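For the protein sequence lines, the chains are A and B, in the order given. Per full-length UniProt numbering, the very first residue in the first sequence carries number 1; after that it's consecutive. Per full-length UniProt numbering, the very first residue in the second sequence carries number 1; after that it's consecutive.
Just so you know, these hints were derived from the structure itself, not from any lab. Treat the hints with caution; some may be incorrect.
To be verified - Computed list of chain B residues with no C-beta within reach of chain A, every gap over 12 Å:
hint, residue
1, Leu62
2, Thr75
3, Leu78
4, Ser196
5, Asp210
6, Thr224
7, Arg241
8, Arg282
9, Arg286
10, Asp307
11, Gln328
12, Arg434
Said to hold, decoys possible - Now the in silico label distances, taken between C-beta atoms and shown as ranges:
hint, chain 1, residue 1, chain 2, residue 2, range
13, B, Pro352, A, Glu369, 39 to 49 Å
14, B, Pro352, A, Gly364, 44 to 54 Å
15, B, Asp230, A, Arg317, 22 to 32 Å
16, B, Ala397, A, Arg317, 16 to 26 Å
17, B, Glu417, A, Pro404, 23 to 33 Å
If you're wondering where the values come from, they're calculated on a predicted model, not measured in any experiment. No residue lacks a Cβ here, since even glycine has one placed at the ideal position from N, Cα and C.
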Amino acid sequence: MSIAPAEAITETPRLRTTLRRRLFWIAAIVLAILGALFTVFSSASGIPDGERFSIGNAGATGSRAVAEVLRQQGVDVVEATTLDEARSAVEEAGGRAGILFSDASGYLDDDGRDAVRALAEGGADLVLVEPGSDELESMADGIANAGAAADDSTVGAGCALPAAERAGTISQPSWAYRLLDADAEATRADTVRCFPAGDDSYSLLQQPAGAGTVTVLGAGDALTNDSVALQGNAALVLGLLGTHETLVWYQPGYEDFDGATPTLGELTPGWVTPVILVLLLTTVAAGIWRGRRFGPVVVENLPVTVRASETMEGRARLYARQSAHGRALDALRIGTISRLTTALNLPRYADVVEVSRSVANSTGRGVDEVYDILVGAVPRSERELLDYSDRLLVLEQQVAANTPR
Amino acid sequence: MTVTGRLVALVALGVVPVVLIGEFYDRALEALLAWIVLVVVLVVIDLVAAASPRRLGVDRTLPARVRLGDTATSTLYLTNTGRRMLRAVVRDAWQPSAGASTARLPVTIPAGERRALTLTLTPFRRGERRTERITVRSLGPLGLAARQATLTAPGRIRVLPPFNARKHLPSRLARLRELDGRASVMIRGQGTEFDSLREYVRGDDVRSIDWRATARHSDVMVRTWRPERDRRVVIVIDTGRTQAARIDDEPRIDTAFESALLLAALATRAGDRVDVILYDRRLRGRVHGASGPELLSRMVDVMAPIDPDLIEMDWTAVPGLVRQGTTQRSLVVLATAIDSPGISRELMAIVPQLTRDHTVVVSSVTDPDVTAGVHHRGDREEVYRAAAAERALLDAARVTTVLKRFGADVITGSPAELPPALADRYIALKAAGRL
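Using the sequences provided together with the hints, build the complete structure.
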């Protein structure tokens, strides 16, 4: 084996060296990313929750306070946004649980509402918060909406329901409800009516349903963080909701909506976004593939390219801009005279009169005319300049034609 | 490191599993992640398995000189000193005007072996063309990714002036031989220096019969003449700013080089000694005391890297430089630009000093654009252009007149005409015995 030749000196630094040199920046970028992630995850939720009666909402219309107090009292508050979640939570508690139901957007359809009522009939206590007529129809028996409650700042309990009695008075409820008609009044004598709001309407109605109860609560404000501390609001809601070990806080979400028209998002297949990501990655890879330089740029000093005739062109433009017809014609005449002198074999120092005479002899023109072309006439315009320039050329051609070579 | 087009294709191919799996199980994102992991793993394997581009021994063989317009072959020997087979693409980083045939050379070198990479160089600019480094991109076995390193491997090639004027040389040499009387023409050689006596042969010019020698001998004797020999020709080439201007897409200095080379080739064959001085404000180059083929090769070597400097020529030092080289009467050729009295004032000032002791010829390139411009007078612009051209010619003519009055000879011509014109003038001077 021959002796291995010496290896060439490498200019590219090794990966280790590059990393060491750029350690600061790498560390800075990693720290910045970690910091950003920490900030995002440490704030409770990325997107603020603004829904009314939501237990995640700490704002004026939320119900976080009630939920937290219930939790402190040992109630297991389970948030549910779909019927399945609510059902499984109730089943987990053995069927005996409190259910708070609020569906302001009306996501849940008839079947869903029947299912919720079935839970109540299976032994759960269902509290309907400010229900609409659809919900009343399928979930409460013989109770109808009676419109907005009368304008009173406080309302007394006026019934034997323990929670209502403990509350005494509550702040002004939003909605009132009444039993549907006299028949219903007769058949639903077991319905407890509290917080009368005038005109035979009430803000709280409770009726047994199978093994459980259904409560219609018109005083939804009593649940909100803003108003829970007013009057006996807190006592009322805690009493209503804290009856079981488990409270399922069920606010139907978008998943429960069984709408007729699917959205664009539902129609697009699941692989569309990943395919876009693949294409994006392909673009990045192609950028690296084409953009990576094959070694350092080669430097070369290039010569300046200046045409020698630039000075002549520049002077011509100067003449043209200034309309220097006199000066231009002078230059043309001097050139012509010197060529004529050579052509006619005149001495170099021959004056213009001599040249004119010789030219006149040679061409058969008048001396005065030739003199005029060569020196005499003064151009007054550019038209005359062009004119004389042509005459000078003609003169030269004639002399050239008449002079034997 | 870098990636290849194959990797881009592989990433794009990720669409297939993403769509296939995503269609059935709604697991597209997981498929994508799996694909990315697969690609990254393959790239890492490829990078780890690629041979190191650093473990290379580099050698070059390269001709030292090439004439402008000719092609040279550069060979790069790469020795793989590593333990793995190297599959690589190599870039030899020549300067663009070196005219390398290709920038990227694929090569496969088994461990411990050596391979030659050949590329041809057709430089398109005179001067020193160089390469400092090579870059090696070592591909992995899968061809997805490559390791890249730049190695120092300097190389240079000197691009000599083309000497296109050499096509005029044979005809001028023939005329020189005529002069010498060596050619088989039966006229008296036009030389001026007495060479020898020989017997008269029929056809000899009767005027060259030496009657005194004929009286001493029993035969009719004629004198033979030969041109003067061992004269000095000093060529001074101006490398100042006016020489940078381009005429017919050739800088004036290149025309000056062509003229100087033709004249030197001719003069050295005629037995004269040639000095070349390249000067602006400092001595840029000098050829002294060389003759024959060595003279030309040294001249092109000195001229090759010289470009005009953007400074004014200092003519006042020129008489001193000429004097340093020779004390005897010489032909001094000044290759410069005759533009206008303003620019040539210094030249005009020193010419009398030179003409006192030497025969001086000033050669200058004229611009064919200017001479042609004089006769184009179609419209207003052209008439003004013609006027400006006349003015330029007049300026040059004034300088020429002054130089001639001081006893210098002036030769002008377009870049193609000037070198033969200067050679002809040399032959004429030699014939007249004015050297």
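Here's how the hints hold up against the structure:
Listed as outside the interface, B/Leu62 is consistent with that label: its C-beta sits roughly 16 Å from the nearest C-beta of chain A, beyond the 12 Å cut-off. Here B/Thr75 stays apart from chain A, with its beta-carbon at least about 15 Å from theirs, past the 12 Å limit. With a least CB separation of 9 Å from chain A, B/Leu78 falls inside the 12 Å interface cut-off, contrary to its annotation. The non-interface label for B/Ser196 is consistent with chain A: the shortest C-beta to C-beta separation is roughly 43 Å, beyond 12 Å.
Non-interface status of B/Asp210 relative to chain A is upheld: no Cβ of that chain comes within 12 Å, the nearest being about 41 Å off. Its beta-carbon lying about 38 Å from the closest one in chain A, B/Thr224 satisfies the requirement of being farther than 12 Å from that chain. Interface exclusion of B/Arg241 from chain A breaks down, the closest Cβ pair being 10 Å apart, not more than 12 Å. Look at B/Arg282: its CB is around 19 Å from the nearest CB on chain A, clear of 12 Å, so calling it non-interface holds up.
Distance to chain A confirms B/Arg286 as a non-interface residue, since its nearest Cβ pair spans about 23 Å, more than 12 Å. Listed as outside the interface, B/Asp307 is inconsistent with that label: its C-beta sits roughly 6 Å from the nearest C-beta of chain A, within the 12 Å cut-off. At roughly 34 Å, the least C-beta separation between B/Gln328 and chain A is larger than 12 Å, which holds for a residue marked as non-interface. The Cβ of B/Arg434 lies farther than 12 Å from every Cβ of chain A, with a closest approach of about 23 Å, so its non-interface assignment holds.
Against the hinted window of 39 to 49 Å, the Cβ-Cβ separation of B/Pro352 and A/Glu369 comes to about 44 Å, which satisfies the hint. Between B/Pro352 and A/Gly364 the Cβ separation comes to about 46 Å, which falls inside the hinted range of 44 to 54 Å. Distance hint for B/Asp230 and A/Arg317: a CB-CB separation of about 53 Å, inconsistent with the stated range 22 to 32 Å. One distance hint, 16 to 26 Å for the beta-carbon pair B/Ala397 and A/Arg317, holds here, with the actual separation near 23 Å.
Checked against the given bound of 23 to 33 Å, the beta carbons of B/Glu417 and A/Pro404, roughly 26 Å apart, stay inside it.
Checked against the numbered hints above, the structure breaks hints 3, 7, 10, 15 and satisfies the rest.
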